[in-house]
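Here is how the chains run, residue by residue.
Protein chains: 2
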Amino acid sequence: MKPYVVGIDIGGTNTVFGIVDARGTVIASSSIKTAKHPKIEDYIDELYNEVTRLIVANDAVDKINGIGVGAPNANYFTGMIENAPNLIWRGAIPLQQLLEDKFQIPVVITNDANAAAIGEMTYGAARGLKDFIMITLGTGVGSGIVVNGQLVYGHDGFAGELGHMIVKRNNGRLCGCGRSGCLEAYCSATGVARTAREFLEIRTEPSLLRNIPIDQITSKDVYDAAMQGDKLAKDVFEFTGTILGEALADMTVFSSPEAFILFGGLAKSGDLLLKPLKTAMDKSMLNIFKGKPKVLLSELKEADAAVLGASALGWEAKPAE
Amino acid sequence: MKPYVVGIDIGGTNTVFGIVDARGTVIASSSIKTAKHPKIEDYIDELYNEVTRLIVANDAVDKINGIGVGAPNANYFTGMIENAPNLIWRGAIPLQQLLEDKFQIPVVITNDANAAAIGEMTYGAARGLKDFIMITLGTGVGSGIVVNGQLVYGHDGFAGELGHMIVKRNNGRLCGCGRSGCLEAYCSATGVARTAREFLEIRTEPSLLRNIPIDQITSKDVYDAAMQGDKLAKDVFEFTGTILGEALADMTVFSSPEAFILFGGLAKSGDLLLKPLKTAMDKSMLNIFKGKPKVLLSELKEADAAVLGASALGWEAKPAE
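Line by line, the protein sequences give chains A and B.
In case it helps, the numbering used here puts the first sequence at residues 40 to 360.
In case it helps, the numbering used here puts the second sequence at residues 40 to 360.
Calculated directly from the structure, the hints in this document are not laboratory data.
Careful, some of the hints might be misleading.
Residues from chain A shown here face chain B by an in silico Cβ test under 10 Å; the list is partial [what the hints assert, rightly or not]:
{"no.": "1", "residue": "170"}
{"no.": "2", "residue": "201"}
{"no.": "3", "residue": "202"}
Using 25 Å as the maximum straight-line C-alpha spacing, the simulated SDA-like pairs for lysine to any residue come out as follows [unchecked claim]:
{"no.": "4", "chain 1": "B", "residue 1": "329", "chain 2": "A", "residue 2": "130"}
{"no.": "5", "chain 1": "A", "residue 1": "41", "chain 2": "A", "residue 2": "92"}
{"no.": "6", "chain 1": "B", "residue 1": "331", "chain 2": "A", "residue 2": "322"}
{"no.": "7", "chain 1": "A", "residue 1": "329", "chain 2": "B", "residue 2": "218"}
{"no.": "8", "chain 1": "A", "residue 1": "322", "chain 2": "B", "residue 2": "189"}
{"no.": "9", "chain 1": "A", "residue 1": "331", "chain 2": "B", "residue 2": "168"}
{"no.": "10", "chain 1": "B", "residue 1": "331", "chain 2": "A", "residue 2": "111"}
{"no.": "11", "chain 1": "A", "residue 1": "317", "chain 2": "B", "residue 2": "212"}
{"no.": "12", "chain 1": "B", "residue 1": "207", "chain 2": "B", "residue 2": "306"}
{"no.": "13", "chain 1": "A", "residue 1": "169", "chain 2": "B", "residue 2": "75"}
{"no.": "14", "chain 1": "A", "residue 1": "357", "chain 2": "B", "residue 2": "336"}
{"no.": "15", "chain 1": "A", "residue 1": "207", "chain 2": "A", "residue 2": "92"}
{"no.": "16", "chain 1": "B", "residue 1": "75", "chain 2": "B", "residue 2": "41"}
{"no.": "17", "chain 1": "B", "residue 1": "340", "chain 2": "B", "residue 2": "271"}
{"no.": "18", "chain 1": "B", "residue 1": "329", "chain 2": "A", "residue 2": "212"}
{"no.": "19", "chain 1": "A", "residue 1": "314", "chain 2": "A", "residue 2": "266"}
{"no.": "20", "chain 1": "B", "residue 1": "273", "chain 2": "A", "residue 2": "246"}
{"no.": "21", "chain 1": "A", "residue 1": "333", "chain 2": "B", "residue 2": "196"}
Glycine is no exception: its CB is placed at the ideal position from the N, C-alpha and C atoms.
With the rest of the complex left out, here is chain A (with noise of 0.2 Å):
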């Protein structure tokens, strides 16, 4: 085997990515503008030179084993982007052929929360567990789910969708799917802020939050009033937390996890979010599970961790035959 995987993180925004070893250290990194390019293939030109000078000026020329890239909507089986409603490129894209032809290095994709997972399964809070879910606290709710080892892609690869989790089935909230009531509209980054605006617009206690421009609050604007003791704020925490402890406690029924792994803006939260979703979690825990389950954090630094997540795939490249 190679010394080397390179890591690719496909996002609305931003491309991060970077040349990785066995250990998980970050060799080098860099990154580019993922929406410049209307047209995909320009997009996969200008990436594969950044790649290309990346790997020569780190001596990495033919040490690479493969590549691993975590985009949005991406199927591990299919090696397709399809209809990703934070890309710019419309319709199916196929992204592993476009890459595979161009660097001529075996290439595995899969989707950002997959790719969380795979990679604190290699390099973080997750080595040598061999029954774990990642829940990715972002702008959205993902989720990676490991079974006996392995990743669960399901039939069609995209399974691992919690954050569609039907958390409150009548009058819950909608979601950017189309549904009401899951979780992602309530825990998620986004979640936090509508409920802050909830909690406010239906009570009259004084709050910091009502310093802000109501459709300006964010999620850190949440915590940081939090922190300062403001008690909407906390409260929004205290609710936010018990959906998740709730649905967590939902989610041990069906896998029976060792831990779940939270990662992501909203869980470096702290007591704040961990406190209410233990309390639930355990509360509504079936028996014979109630105190088994952990609660863990990623182990991966933020800046690193989807260049790495997406790289640990590169391990499980095998060459085109």
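Once you've looked at the hints, dock chain B against the given chain A.
The following block gives chain B in isolation, referenced to the frame of chain A:
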């Protein structure tokens, strides 16, 4: 590999067992009363005597590859039955060890719903499927989840308790597990009877079910009334199918199965259950999964299914080291 396996299905009332060949033919079967022996050792003795009698009578001595056992709360990893509410033996019973010591044949145990899933995968509707979820609709609701061709046991061996997904977070029915709002409290045979009682109390219209003492109504009564065109009874199935369909859509975001396979008394209700189920499932389905998971009925004959499911485990039994 030897040509036969023995399947043993331990229920609260009866223990059914049989000799099965590789094509899923039950060569011979018999049963004993489970609850007759307060001491587990006496039960094992009788079971051994009766199974051995069957083996000898069918010229199968030294031809048994393994013994598979399906039992409530049986743990595949530990080989123990732990605190099964329907069995008379309390505490932790080392069932696998007791049986292996007695029979001197390798034994594998798992819970009934997992055994059903393996049976369906080996001999039934799930042949060739690598990702499916088996739902058993009996007195309770059980499940066996198969991902990438493997049964999901989870970290502790107890995964796949989908009957205890919360389908009504607020004001849900009390479940046998002590919590409220579980799928099982609605979509089991017992759940159907409870719904009928609720509807009879809340509504005033005439119904054939009013001829039966309300506390004696069974799911079979509701089925019979619905088949005679009784509106209230049909509404009970509409309600039950809708909740089950919504739950199946929710399960899909987890493992994106190719199919759900329904088994048990209620699964035989035909369109009464399946029509509202499919409508609700389709309506509640996350876009990327819409129209994908099939809903299939078990292909195992009910009389043979428990023994077949358990027996299928006997093919994976390995001699003790």
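Status of the hints after comparison with the structure:
1. 170: holds, 4 Å
2. 201: Given a least distance of 6 Å, the restraint on residue 201(A) holds.
3. 202: holds, 8 Å
4. 329(B) <-> 130(A): holds, 17 Å
5. 41(A) <-> 92(A): holds, 19 Å
6. 331(B) <-> 322(A): violated, 35 Å
7. 329(A) <-> 218(B): It holds: about 12 Å lies between the C-alpha atoms, which stays within 25 Å.
8. 322(A) <-> 189(B): violated, 31 Å
9. 331(A) <-> 168(B): Violated, at about 31 Å.
10. 331(B) <-> 111(A): Holds. Residue 331(B) to residue 111(A) sits at ~20 Å (cutoff 25 Å).
11. 317(A) <-> 212(B): holds, 24 Å
12. 207(B) <-> 306(B): holds, 22 Å
13. 169(A) <-> 75(B): violated, 41 Å
14. 357(A) <-> 336(B): violated, 39 Å
15. 207(A) <-> 92(A): violated, 49 Å
16. 75(B) <-> 41(B): Measuring from Cα to Cα gives roughly 33 Å; hence the hint is violated.
17. 340(B) <-> 271(B): violated, 31 Å
18. 329(B) <-> 212(A): OK: residue 329(B) and residue 212(A) at ~21 Å, within 25 Å.
19. 314(A) <-> 266(A): holds, 14 Å
20. 273(B) <-> 246(A): Since the Cα atoms of residue 273(B) and residue 246(A) sit roughly 52 Å apart, the hinted pair is violated (cutoff 25 Å).
21. 333(A) <-> 196(B): holds, 16 Å
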